[in-house]
Structure formats: structure tokens, C-alpha cells
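**Student:** Line by line, the protein sequences give chains B and P. Sequential numbering of the first sequence, starting at 1, is according to UniProt numbering. Sequential numbering of the second sequence, starting at 1, is according to UniProt numbering.
Everything labelled a hint here was simulated from the structure, so no lab data went into it. From a predicted model like this one, the values you see are computed outputs, not experimental measurements. Everything hinted at is true.
The calculated lysine-lysine pairs, modelled on DSS-like cross-linking and capped at a C-alpha distance of 27 Å, are:
#, chain 1, residue 1, chain 2, residue 2
1, B, Lys-120, P, Lys-544
2, B, Lys-129, B, Lys-112
3, P, Lys-380, B, Lys-117
4, B, Lys-112, P, Lys-544
5, P, Lys-537, B, Lys-41
6, P, Lys-544, P, Lys-39
7, B, Lys-120, P, Lys-581
8, B, Lys-215, B, Lys-231
9, B, Lys-215, B, Lys-353
10, B, Lys-112, B, Lys-41
11, P, Lys-380, B, Lys-41
12, B, Lys-117, P, Lys-537
Have a look at the derived ranges for each label pair, beta carbon to beta carbon:
#, chain 1, residue 1, chain 2, residue 2, range
13, B, Ala-143, P, Ile-211, 28 to 38 Å
14, P, Gly-217, B, Gln-45, 34 to 44 Å
15, P, Leu-75, B, Tyr-58, 34 to 44 Å
16, B, Ser-305, P, Ile-509, 19 to 29 Å
17, B, Glu-75, P, Val-208, 55 to 65 Å
18, B, Phe-151, P, Glu-604, 47 to 57 Å
19, B, Phe-151, P, Val-86, 47 to 57 Å
In this text, a Cβ means the ideal position worked out from N, Cα and C, and glycines have one as well.
Here are the chains, one letter per residue:
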Amino acid sequence: MTVFLVIIILALLAVTGWQMSKIFDLSRGPGADSSPIANDKDNRQQAQITLAFMVFLYLGMAYSFWHWSKLYLPEAASEHGNEIDTLMFISIGIIMTVQVITQALLHWFVYKYQGRKGKKALFFADNDKLEFIWTIIPVITLAGLIIYGLFTWSDIMNISEEDDPIIIEVYAKQFSWEARYAGGDNTLGEANVRFIEGINTVGVNENDPYASDDKITSELHLPVGQKVLFKFRSQDVLHSAYFPHFRAQMNVVPGMVTQFAFTPDITTEEMRNSDYMVDKVSTINDIRKENSEALMAKGEAPLDSYEFDYFLLCNKICGEAHYNMQMKIVVETEEEYNAWLSEQETFAETMEK
Amino acid sequence: MSALATAAAQDHHEDHGHHHKQTFITKYIFSTDHKMISKQYLITGILMGIVGIMMSVLFRMQIAWPEESFAIFNLLLGDKWAPDGVMTPAMYLSLVTIHGTIMVFFVLTAGLSGTFSNLLIPLQIGARDMASGFMNMLSYWLFFISTIIMLSSLFIESGPANAGWTIYPPLSALPQAIGGSGMGMTLWLISMAIFIASQLLAGINYIVTVINLRTKGMSMMRLPLTVWALFVTAIVGLVSFPVLLSAALLLIMDRSFGTSFFLSDIYLQGEVLNHQGGSPVLFEHLFWFLGHPEVYIVILPAMGLVSEIMATNSRKPIFGYRAMVASLLAIAFLSTIVWGHHMFVSGMNPFLGSVFTFTTLLIAIPSAVKAFNWITTLWKGNLQMNPAMLFSIGFVSTFITGGLTGIILGDSTLDINVHDTYFVIAHFHLVMGISALYGAIAGVYHWFPKMFGRMMNKNMGYIHFWVTAVGAYGVFFPMHFVGLAGLPRRYYTNTAFPYFDDLADVNVIITVSAIITAAIQVVFLYNFFVSIFYGKKATQNPWKATTLEWTTPVAHIHGNWPGPVPVVYRWSYDYSKMNEKGTDYVVPGQDFVPQNVPLQEHEEELNH
Numbered sequence: 001m002t003v004f005l006v007i008i009i010l011a012l013l014a015v016t017g018w019q020m021s022k023i024f025d026l027s028r029g030p031g032a033d034s035s036p037i038a039n040d041k042d043n044r045q046q047a048q049i050t051l052a053f054m055v056f057l058y059l060g061m062a063y064s065f066w067h068w069s070k071l072y073l074p075e076a077a078s079e080h081g082n083e084i085d086t087l088m089f090i091s092i093g094i095i096m097t098v099q100v101i102t103q104a105l106l107h108w109f110v111y112k113y114q115g116r117k118g119k120k121a122l123f124f125a126d127n128d129k130l131e132f133i134w135t136i137i138p139v140i141t142l143a144g145l146i147i148y149g150l151f152t153w154s155d156i157m158n159i160s161e162e163d164d165p166i167i168i169e170v171y172a173k174q175f176s177w178e179a180r181y182a183g184g185d186n187t188l189g190e191a192n193v194r195f196i197e198g199i200n201t202v203g204v205n206e207n208d209p210y211a212s213d214d215k216i217t218s219e220l221h222l223p224v225g226q227k228v229l230f231k232f233r234s235q236d237v238l239h240s241a242y243f244p245h246f247r248a249q250m251n252v253v254p255g256m257v258t259q260f261a262f263t264p265d266i267t268t269e270e271m272r273n274s275d276y277m278v279d280k281v282s283t284i285n286d287i288r289k290e291n292s293e294a295l296m297a298k299g300e301a302p303l304d305s306y307e308f309d310y311f312l313l314c315n316k317i318c319g320e321a322h323y324n325m326q327m328k329i330v331v332e333t334e335e336e337y338n339a340w341l342s343e344q345e346t347f348a349e350t351m352e353k
Numbered sequence: 001m002s003a004l005a006t007a008a009a010q011d012h013h014e015d016h017g018h019h020h021k022q023t024f025i026t027k028y029i030f031s032t033d034h035k036m037i038s039k040q041y042l043i044t045g046i047l048m049g050i051v052g053i054m055m056s057v058l059f060r061m062q063i064a065w066p067e068e069s070f071a072i073f074n075l076l077l078g079d080k081w082a083p084d085g086v087m088t089p090a091m092y093l094s095l096v097t098i099h100g101t102i103m104v105f106f107v108l109t110a111g112l113s114g115t116f117s118n119l120l121i122p123l124q125i126g127a128r129d130m131a132s133g134f135m136n137m138l139s140y141w142l143f144f145i146s147t148i149i150m151l152s153s154l155f156i157e158s159g160p161a162n163a164g165w166t167i168y169p170p171l172s173a174l175p176q177a178i179g180g181s182g183m184g185m186t187l188w189l190i191s192m193a194i195f196i197a198s199q200l201l202a203g204i205n206y207i208v209t210v211i212n213l214r215t216k217g218m219s220m221m222r223l224p225l226t227v228w229a230l231f232v233t234a235i236v237g238l239v240s241f242p243v244l245l246s247a248a249l250l251l252i253m254d255r256s257f258g259t260s261f262f263l264s265d266i267y268l269q270g271e272v273l274n275h276q277g278g279s280p281v282l283f284e285h286l287f288w289f290l291g292h293p294e295v296y297i298v299i300l301p302a303m304g305l306v307s308e309i310m311a312t313n314s315r316k317p318i319f320g321y322r323a324m325v326a327s328l329l330a331i332a333f334l335s336t337i338v339w340g341h342h343m344f345v346s347g348m349n350p351f352l353g354s355v356f357t358f359t360t361l362l363i364a365i366p367s368a369v370k371a372f373n374w375i376t377t378l379w380k381g382n383l384q385m386n387p388a389m390l391f392s393i394g395f396v397s398t399f400i401t402g403g404l405t406g407i408i409l410g411d412s413t414l415d416i417n418v419h420d421t422y423f424v425i426a427h428f429h430l431v432m433g434i435s436a437l438y439g440a441i442a443g444v445y446h447w448f449p450k451m452f453g454r455m456m457n458k459n460m461g462y463i464h465f466w467v468t469a470v471g472a473y474g475v476f477f478p479m480h481f482v483g484l485a486g487l488p489r490r491y492y493t494n495t496a497f498p499y500f501d502d503l504a505d506v507n508v509i510i511t512v513s514a515i516i517t518a519a520i521q522v523v524f525l526y527n528f529f530v531s532i533f534y535g536k537k538a539t540q541n542p543w544k545a546t547t548l549e550w551t552t553p554v555a556h557i558h559g560n561w562p563g564p565v566p567v568v569y570r571w572s573y574d575y576s577k578m579n580e581k582g583t584d585y586v587v588p589g590q591d592f593v594p595q596n597v598p599l600q601e602h603e604e605e606l607n608h
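Using the sequences and the accompanying hints, generate a full structural model.
**Tutor:** As C-alpha cells, this is what we get:
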């Protein structure tokens, strides 16, 4: 890879040197234009390059959307996630329309109105009608987006107790996550960093009666179709609990409890078998195979093949190993979930050991 | 006719008799002359820009080829931070942090607004110098000291600050949490406190100068848009920088004196800290109360420069002068009430999120007005494609591309899933990084003759622009898709998540574009430094512009004008204005009328 890079840099330097010497030759040559101010020839040439650049820009945008829009996350695995995606696609549609129109006007005008000696520009200083039009159009469009956005936002963020969500604490520390299930009473026991001692790693108050049936786990299992209310707590610095597949994110702040609720609606199994994911995983495994061959050639261990799992990652810089702070999430049927949960030991059991 | 303007002035050359004896030190180092201070700002800004951009190339290489060994890492970072040529995670985070700090504060705040406020405010309003030359000098030297302190933090044992340029506590407050939060962060905070003092001194000076020292006839509505933009920028800075200073001071107290403004309930390395009752969210509020206006402090001057350069090179008045001023004011006002859009998922009350979504999306309106007005300024123009003009057009292009994605990020609902991903990086680099740099570079090409009395080479300018334009889009357009795929920013490597393996190709494209774009800046540097000494001698008004700075002689003199300061009779955009009958330009044969030329017979002043 170093060789590749060195070659690029050398090639670039060569091009730069060649171009510079060309410029100097041109500027020294007899009859060549040596004025540092653009003349008609420059105006024409630069206008043509601008037009070419516009073509490049449009081809680049088309290429990006064609090849990379598949990188967009798979179908949202939570109920509210679909609303976010709809709003996202509407917004992208609107901004791309504006982008295509305005960039075309900008570059086309540059080409069309390239300067020529003796040409007269139009003295056009003001036009209230035009300005009114392009004030009012954004106002209307934005009003629509704002209203749509705010309704969705309050749907997502206002958690009503009537839904009777499952309460799970997500606990962050440098550089790992833990989950605490509230147990049969669906109420989390009191907790604070001052209770951390020995095996009581998340600082639960042993004397709180609500605490004894809490279950602390290193994986996050969620039953499909049930609303989950996450309570986030950090023991050291800021973290951010980012669930990309569920379109959910909330910062984890030491000294306070933050929250976010969503209803997962696609199980891990279903997601693995979706066309999108089958495709993506096979692409990834091809890449990993290729990389493994390179590694083995160097005498290093090959990479494991990849199987999809939902994950929770940290999305607020939290220290040196910020890039590797993750927890596996499993979305499963209610029976599977109950079976898994019943195997986990309660906080009281942990403390008795 | 432009000769007419200066002919009168030259008669008075001998009257201006108080020549001070200048030594090397008073002329080039501790100068109180605004033109020299502007050059000092520019060159310091360029040097800091080289450091900042180099850093970005280094960490982009780490992202594209994670944990590969590069000799250049070892050469530049040393054995401690790049053992065997592999960059350490701590150094990666330091580079990211210091790159952000240097580019935002030292290059795009001081380098851009410092350079052009100092150069253009006195020259364009017809003043002999800043209101306080001494304060102005002090402001530059405080800035210089702050850059030295920041750079010195690169060489200390525990490493430079690496909690991100936003330095959110507790990470930035606790050396136990990350190495860079020791001495490195102390130096960062000291440097920033001095920098803020420098910006406040400078800002007060700019405001007072614009309000009090305008020449006769220069009403506010006759000011060039550059001066309007720099004036409004100074006000925004004055309103918001003190808040960052208070945040920095409180953080210093938390770090060194055991207070708990931002810290509470923390357990680190086996012990509970004594801090109780503080809130990191409070810091976020204080930080972004500056942080968001800061992006407008960066972009408004660029908007002003671009407006001026576009009008001059289109040979047309800027379209909708009043709307341009009104939108500047609207953006400046709104910029102070939108900071919460950086904090939609910070844990603050969701109702606040709704309010900030509303105010944030409002900013799109004046921004759209500006973009449309620039495009209309080109319409039916006589476009002179000087390098400055190209960079101005590039500015409008990247400002639109980057600004539009702000509609997604400013919407609290959509922000949930793209917050702190590469989508954000793509957005703000296009809209305030690349755009502001284009504005600054356009300004350098345009006002170089005024600063150094010589011209820059246009052909090198063309090459510089086109490679940069392609490269910058190559870096930041693909980045949107990486962000939409859910990839978080500030990750040392993405290999810990096999799920992101298919993004590796795109990351290589981005990095290669970044290397090309950075490399081509060498052409600019060469052109800049060589032209200072060997460029073609400039004429007095090379771009045939109307503003007052082009009525001063090419050689810099103390007090700017040899005779009395010019009197202003018209606004600054009388390009291609026709006479009453429409037979010829107002001044026959000349498509521009400088501001100091009185209204001609039967000429009506435009009621703008």
C-alpha cells in the first residue's frame, strides 16, 4: 500500500512539475499573453472548462447515487424508523432537485455569459418580484418539512407510560456496554457510581428491594413487536448509544439518566434472510476473503467470515478505544426472549456468590 | 475616469507631511499599520493552514489504510506516536482534534476575517487606519502567541489534546480518561483563552472603525458588501466568543481547582471522583452558543468577499443589495439562537429540540436568497474569468451542495440517525470548510495586488482552482454515502465492525482525493510566495473595480491616501450603468464608476 501511495504522490509531483514548466514556457514565449488579468481567450477557455466541470459534477452525482445508495442502511428494524426513512427520502428528493437546478443555472450562466471585449453587461440591480418568489418558495417548502419533522419528532420522543414498555438500562463505560433488565417488577433498582464495588460493576444499590430481580447482561436481547424504553447511564465520560439499524440514538451522560424508546419489528433472523442483507453479507465476505489472502501471504491469521448481527455502537468520542465499543443486539420472538432472559442470573444471585 | 479620482488626490501629496521614521521592527514586526497587520494575519493563517491540512492528510491515510505502516508517519510523528510507522489511536485522535481547532479558529477565523477585515475595512470605508492601531497590533500578537502555544502542545510528552475540537468534558477534563487531557488540554485551553482575547480586541476595533471612521458620503447603505459582512461578523464574534471563554474558564476550574461545573458521578480507574452535581450538557450549551455562531463567523466574511468579487468580475451590480444586507443580518441574528441543533440527542428536553429545529430551518431562507442572488448576479453579465472569480463561483457551488444537507441535519428527526456520522463531516466541510477556504483564496487572488503591489500568475491560479474543485468534491461528496451507511466519525479504524467492510473502497477514494487536493495547494503556495517578490507589477486598479481601496496608490503609504481621504458619492456597484439615454455608460467608454466620482449630469442615484 505504501508503494501505491508513493507512486501516486510521485505521479502527482511529476504532473505538477510538468504543468508548471509548461506555464512558464507559455508565459515566456514570444507573442504569448503574459497579462495576469483574464483576457477573452481565458474567458472562453475557463467558461468551457466550467461547462465540462458541470458535466463531471452531474456524472459524479449520478455515479454516487447509482453505486453507493445501496450503502444506505437496510430497511429500518423499528416501527418509528420507517417514518424517519420516509422523511429522509422526501428530504433527499427535495434537496437533490434544488441541487440539480441551481448547479445547472450557476454553471450554465458562467458558460453563457462569458466575457468578451466590448460586450455590455446588463445593469440589473434589483427586482422585488423575483426576490419575493425565491423567498416564498423556500418558506413554503421548509414549512412543510418542519411540520412533518416536528410531528415525527414528538411521536418518537414523547414516551407514554400507557404503552407499558419493557424497561432496560444501557450502561456505558470505557469501552464497553452492559444491559440491565428491570426484572419481574419492570422497575430498575436504584443505582449510582458510588455503589460500584467488586462484582457490583454497574453500581446497583443492594438495599433497594427493586434491585434484587434486576438482570445484568453483556448482550442486548429484545422481543420483537414490544416497545422498549432504554434508560442510559454512563460511569465515566460521554458516550452515545447509536443503534443505526433501529434509527435510534441518544447520548449517555455521566450524572444523569437519558432515555429513548422504540419498538423493534424485524428479528435478527428475518434481517439476515432479507435480500439486502444476504447481498451485503456476501459482498463483505468476498472482501474479507480477499483481505485474508493478503494477510495469510504475510503469515498472519485470516479474518473470520462475517454473519450479520444488530449492534449498538458508541458514537461520541470517549477515549482511545472509542472505535471499538460495541454490544451485540439480538431481536427475537417473545418465547426465545423469555427463554434467554430466564437463563440470566439476577442481581441478587450475583451478589450472593 | 478612474484617473480623475486620484488626480485630485495626488496634488496634495506634499501636504501629508508627517512621515514617521520606520525601523525594521516597527515596520514589519510590531507594526500598527492595518495593511501590514493584515499581511501578518494572512501569512500566519497560511502557515497554520499548511499544518492543519497536512494533519488531515495523515489521518485520512490512517482511515483508508488502517494500521498500515507508512514511513511518513514515523518521520513526522516519531517513534512514540507512530511506532514502526503505524499511527497510534491516541495520535489519530490528536490529529483530528488539532486539525479541527487549527482550521476553525486559526485559519478560518483569524486567517480569513483577520486578514480581510484589516485590509479592507479602512481601505473600503475611506479611513486612514483602524480606530486603534495599537489594539490592532495587540490583537495580532495575542493571536500569534496562541498559535505558538497550540503548536507547542504537539511536542509534549503526554501528547496534544485529543478529546475532539469540541472538547466535551468529562473526557477533556480527566487525564485519567485519555492522555491528551493532561498537559495537552491545559495548553489548548490557554491557547484558546488568549485567542479569544485577540478576537475580542480585533472585533471591537472593526466595529468601532466601521461605525465611526466612514468617509464623507459613505452611508451604511453605500458600504461594499465585504464591509457589511466583516462588520456583522465582528458583532457575532463579540456576542459569542465571551461565552466560550467562560466555558473554557469553568473547564479550567474543573480540571485544576476541583470544582464541579461539568462533572458528576464519575467512576474511573477504580475510584469514584469527588465531583458532584455538574452537567456535561451545560458545557455543550455554552460551547455551541459560540460554536454555532462560529461557523457563521467563518462563512460570512467569505460571503462578503465573494459578493464583491462576483460583481466586479461580472461587470454587473450585485443583485439585490438590500436583500443581501438583510439576509446577512438575518443569518447573523438566527445564528445565535440555533446552537441546540448540535444537541438534539444530547439528552436535553425533546421540546427544545423542536424549537431548535424550527429556528435552524429558518436559516435556510436567507441562505437561499443569497444563493439565488449570486446566481442572478451572473445572469447577463460580462464574466471576466480571473482566478478569484473562479473561486467565487466554486464557493457558490459548494455552499449550495453543503448547505442543502443542512436541511437534513437541522431536522431533529433525521438528525437522530446521522448525528456524528460522516454525513455531518461531509455537510460542514462543504458548507463552511471548503466554501470559506474558496472565499479566502478568492480574496487572496483578488486583493493580492493591493497587498503586495504585484500580481499572481493567473495560469497557475487556473490549475489550482480546477484540481481543487474536482478534488474537494471527490473528498466530500462520497462522504455523504458513508455517513448514511451509519459510519461514526472519529473512529481510528472501522475494522472492528466487519459490517462496515464494504465502505473501505469509498474511503480509499476519499483519501486519494484528499491527497491530490492537498498536493495541488503547493502550486498556490508557490504562486503566492514567488509573486510577492517576482510577480508582475500591479497597476492601480487591475480589476477595474469601483471601491475605494483601488483609489490608493500601489505603494503602501502610512494613512493610505497621499492627499485628503476621498469623498463618496454613490454605492459601490455602479458596473455597466448606462447614461440617461442608454447610449453609452455613465462615464463614456468605461463600464464602471468608482465610488468617489460625483453623480454625472442627469444621472440618477439608484434607490437601493
